[in-house]
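A.B. asks: Residues per chain are reported as follows:
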Amino acid sequence: MTQDSRKSIVKLILFGAITLLAVVIASAMMRPTKWFDENKIQDRNARTVQMMEQPAYTIDVFNLGDSLSTAGFSPMELWREQGYTSFNIGADGIRMQEAYYAVVEACEKQKPRYLMIESLVLFRYAMGQDLQMTLSQPLYHRFAFLKYHNIWKSLVEEEGIMVYHRGYTVNQNVWEYDGEEDYLDLDIDDPNSKMSVSTFNSLVFDRIKAFCDKKGIQIIIYSMPSAKNYNQVRINAMESFAKEKGVTYIDLNGKTDELGLDWSQDTNDGGDHMNLNGARKVVRYFGNYFRNNLDLTDHRGDPAYSDWDEELVEYDKLVEEMEGKSFLDIYTEKKDKEWDEKYKKEDTTNNNDVKK
Amino acid sequence: MEELLEILQDIDDSVDYENETALIDDHILDSFGIITLISEIEEHFDIEVDAAEMTPENFNSAAAMWKMIQRLQEN
Amino acid sequence: MAIYTNLYLLVFLPVVLIVYQLAPKKARWGVLLAASYALYISFSKYLVLLLMATSAFTWGIGLWLDKIGEACKAKQAECTDRKQKSEVKKEFQKKRVLALRVGVLVLLGILFYVNYLNFVIDNMNIFLGKIGTQLPLVKVMFPMGISFYTLEAVGYIADVYWERYPAEKHLGKLALFLSFFPQIMEGPIARYPDTSDALFAGEPLNMANLNEGFLRIIWGLFKKMVVSDRLSYLTTHLFGNYKDYHGSFIVLAAIAYTIQLYLEFSGSIDIVIGSGKLFGVTLPENFNQPFSAQSAAEFWRRWHMSLGNWFKNYVFYPITVSPMVKNWNKTARKKYGKYWSMVGTSAMALFPVWVATGVWHGAGWKYLFYGMYYFVILLFGVAMEPIKEKNYAKMGLDPNARWLKILRILKTWVIIFTGELFFNAVNLKAGFHMFFSIFGNFHISSLWKYWPNAITTGDVWAICVGSVIVWIVGFLKESGVDVRGKILNARTPYKWGVYYLIIFAILLFGAYGTGYQPVDLIYAGF
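Protein chains in written order, with my numbering: chain A, 1 to 356; chain B, 357 to 431; chain C, 432 to 957.
To be clear, the hints were calculated from the coordinates, so they are not data collected in a lab.
Careful: at least some of the hints might be erroneous.
Below, simulated DSS-like cross-link-like pairs (lysine-lysine); rule was C-alpha separation at most 27 angstroms, straight line [unchecked claim]:
#, chain 1, residue 1, chain 2, residue 2
1, A, Lys-7, C, Lys-457
2, B, Lys-423, C, Lys-520
3, C, Lys-570, A, Lys-194
4, B, Lys-423, C, Lys-516
Chain C regions said to be covered by chain B (calculated; three or more residues, Cβ under 8 angstroms) [as the list claims (entries may be wrong)]:
#, region
5, 742-752
6, 776-790
C-beta: ideal position from N, C-alpha, C; glycine also.
With these hints in hand, go ahead and build the complete structure from the sequences.
C.D. replies: Here it is in C-alpha cells:
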C-alpha cells in the first residue's frame, strides 16, 4: 500500500468518525420533552414523547398496532371501567420493525404485565419497504437526533390541535359502513399487505416475544373489528399463527354481537376504523375479559394514580366539547372561524360559494 | 472556403467563424441554423450530406466543415 | 433499492466500492456488471433476463454490421475501377440497412409492447365498442429503465451503422454500458464512447473522484429530501383534488410541481453522476440551469439534455437530411422562398421529434399533448426569429438589454409552468380543466385563506430556504463561478465544513423518518 492511499484511508475513516460522533453527541443532547411544548409535537413521535412523561412503572397494559389499534382502544375508558392502566404505543401504518422498537422504548421506564398486539401489523409486508425499515429502524432507535429530527418544526409551527390521552385521540365522527354484513366472506385487495403472516414478520414477532418473555410480559394478539381489513382467511391465518407461537388470540370480528357493535354508528370512516362509540364497546369487552381472565390490579382510589382521575375529567370535558366531531373537523372549523374574522369585510362583496 | 464563410455569415453575422471551434458544443449554431446551412452547402458545392455526417465534429468549426465538404466532393 | 435510499447509500454503494477496489484491475468491470444486475434484480426480478437479452441482441447487431462492412471492403479491394467499387458498396449498403432495421425495430418493438400496446388497445376499443367487439388488454410487467437503456442501445446501433465507431467485440463491456447501476433508473442517456471505456478500464479509486462524487451525491440528496419531497405533499394534494381549487392555487400547483420535478430529477441525477464519479466514470450532464433559459428552445437545451441530444442526433438530424425533406426544401425554396422553406423543413423535422418526446414519457393523451405543445411553441419561435430581429431594430432596442433578457426569462417560465401543469395533470381533460380554472376568480389571498393542511408552516420554511440555496448556487454557476470546483479545491477543514453543513442540513431538515413514505422517482416511471 502506498503512503498516499494509506493517508486517504485515514482521511475517510476520520471523516466518518467525526460524522458519527456529531450524530451521537446531537442524539445525547436531544431532549424533546424539555425543549419543546409537548402539544407542539404532533407527528408520529407524539405518543413516544408522552410515554416518556408517564410516572415510572405505572402502566399495566400496552396496546400495540397500527391505526386500527389506536382508534379502537381508549385507555381512559378502561380506567373508568376497571381501573386498569394502559397505553397505546402503536402508530399509523406501523410495521413490525418499528413495532419492536416501540416496545423496547416504551419499556425503558415501564414494566407492563400485558402487551396486546392488534394483528393487522403482522399481515403488512412489502419487501423493498421492509428491507429499508430493517435498516433504518435501529438507526432511529439508537440516534434520537435522527428520530426526532423533525422537532425544529415546533419552532415555527403553531400549537397542534390534537390532544393525546395515553396515546388515544378522540374521534367521534360517524360514517356508517354500508357494505355486506358478512364481510368475513369477502376478499381483501390491499397491495401493502398479505393474507398470511410472512416469514419476515414472524421472525420479528419472535424477537418481540423473546424480549417480552425476558421482561415477564405476556402477549395477547387480537383483531379489532374492521370490515375493511378482516375476513375469515385472515382470522384463520392469525388463529394458527397464535397457536404456533403459543399466545392467546382474540378475534373481535366474530364477536360483534357480543360487543353490541352497530356498523351504522361505531365506525368513523365507513368500516375501517372504530370511532369513540366503537372504542367504548371494544374497551368494555376487554375490560371484562381482563377482569375475568387476567390478574390485574384496580388502581382506582390509589393516590399514586390520582393523575388518571384528573385526566379522565379533562378527557370527558373534551369529549363533550367535541360533540361528535373529529380533530380534523375541529381544525377546519377553527381555520374557517379565523378566516371569517380576518376577511369578513372583503368577503361580503363576494358570494358564499367561493371555491378555494 | 470563402464561399463557406459567406454562407455562414448569412446565417448569423455576429460570429467570428474563422476562429470559433465550438459552434455546436456551445450552441452558437443551433439546430435550425444547421438546417439552413446544410441546404445551402448542398446547393453551392453540389454534395450530399447524409445522416452519418451529422456529428458535432463535422460542424464545430468552419475548417471542419470545409474538410467535410472537400471529402464529400471527392466521393 | 432506489438510489436515494439509505439501503443504497449506506450499504450497497460502500460495499460495491470496497469490492471494486479489492478486485484485480481486470476483473473490476465484472464487479460493476454484477452490482448492476443485482440492483436491477431488486427492482424487476427475472426481467433482468430481458435486459441481458437486449444487451446480447444489441451486441450481435453491432457485430453483424461490422461483418458486412468488412466483407464489403474485402470485395472492394478486388475491384479495379471506381465505378465497380461504388456498385459493390451499394450492394452491401442494402444489407447494412437491413441489419439496422432489424436492430431498431426489435428494440423499439419491445418498448412499444411494454409501454404503449395497452394504450393503443384501450383507444381502439373505444371504436370497436361501437361495433360490439373488444380486444383484451395484455398483462405487462414493467422492466425498470427500459425507456432509457432502449434509447442507448438504438443510439449505439445507429452510430455503428454510420461508422462513427466500430462495433464492440466484448459482450460484457456493452452489457455494462447498458446496465450501469446508477444510470439504469432514470438516465442520463449516454452514448457509447461517453462512458464505455471508463467503465471497462477498472481504474483504482482515488481521493479526487471520491470527493467530487461524494459532494455531488449529498447535494443531490439535499435537493430531493429537503425541498422536493416536501413539495410533493402539496402537489399531490392539489393535483389530486384539482376540482376543489382554482385561480391562484392552480398557478401555485404548476409552479410547485415544476420546482419539485426539477429538484427531484436534477437531484437524483446528481446522485447518479456522483455515484459514477466515485468509480472515475464521468456521466453526461442532464441539466444546465434550465430556468435561466430565454426561450423554450433554449430551455430544452438545458433541461433533460441527454434526452434532447438523443432526439437531436437520432431523429432530428436524420430527418433533416433525409431525401424527402431535402427534396421538399429544394422545391419549396424556388416556389415559396427561403423563409417558408425553412419553416416547412423545421416543421417536418420537429414534428416527429416532439411526438416522440411526448410519448416517450408515457402512453397517454396528455403526454402527446405535452409534446405537441412544445412543437407549436418551438415552431412559432423559428417562424418569429427573423421578424423579431427586425422589430428590435425598428424599435431601436438592444436585444441584449438586461430588462429584455429578464422579460424573456419570465416568458419562458410561463411556458414551462403551463407545460408541466398538463404534464402532471391526472389526464388531459383535467389538465384543461385546471388551466381554464386559473382565469376564474383569481385571488392571491385565497392562498393563505385556504392553505391545505397537508403542508405545514415548517414545510413551507424548509421549501423556501432550500429553494433559495439551490437558486443561489445555480445563479453563481450561471455567472461563471465554479462552486463545486471551489469547494473541492479548498483546504480540507473548509471542504469538510461544507460537507458537514450539507449532511446535517439533510439530517435535520430532510423529509424522512418512520411513517414517512419516501417519494418515488418521477422519471423512473417513464
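A.B. asks: Next, verify each hint and record whether it holds.
C.D. replies: Here is how each hint holds up against the structure:
1. For the hint pairing Lys-7 (chain A) with Lys-457 (chain C), the CA-to-CA distance comes to about 25 angstroms; that is within 27 angstroms, so the pair holds.
2. Restraint check: the Cα-Cα separation between Lys-423 (chain B) and Lys-520 (chain C) comes to about 23 angstroms, which is no more than 27 angstroms; the hinted pair holds.
3. Proposed proximity of Lys-570 (chain C) and Lys-194 (chain A) is supported: the alpha carbons are some 22 angstroms apart, at most 27 angstroms.
4. Note on Lys-423 (chain B) and Lys-516 (chain C): the hinted pairing holds, with a Cα-Cα distance of about 23 angstroms set against a maximum of 27 angstroms.
5. Against chain B, the region 742-752 of chain C contributes 7 residues with a C-beta closer than 8 angstroms to a partner C-beta. That satisfies the three-residue criterion, and the hint holds.
6. Coverage of the region 776-790 of chain C by chain B holds. Counting CB-CB distances below 8 angstroms, 3 residues qualify, and the rule asks for three or more.
Violation of the numbered hints given earlier is absent; every hint is satisfied by the structure.
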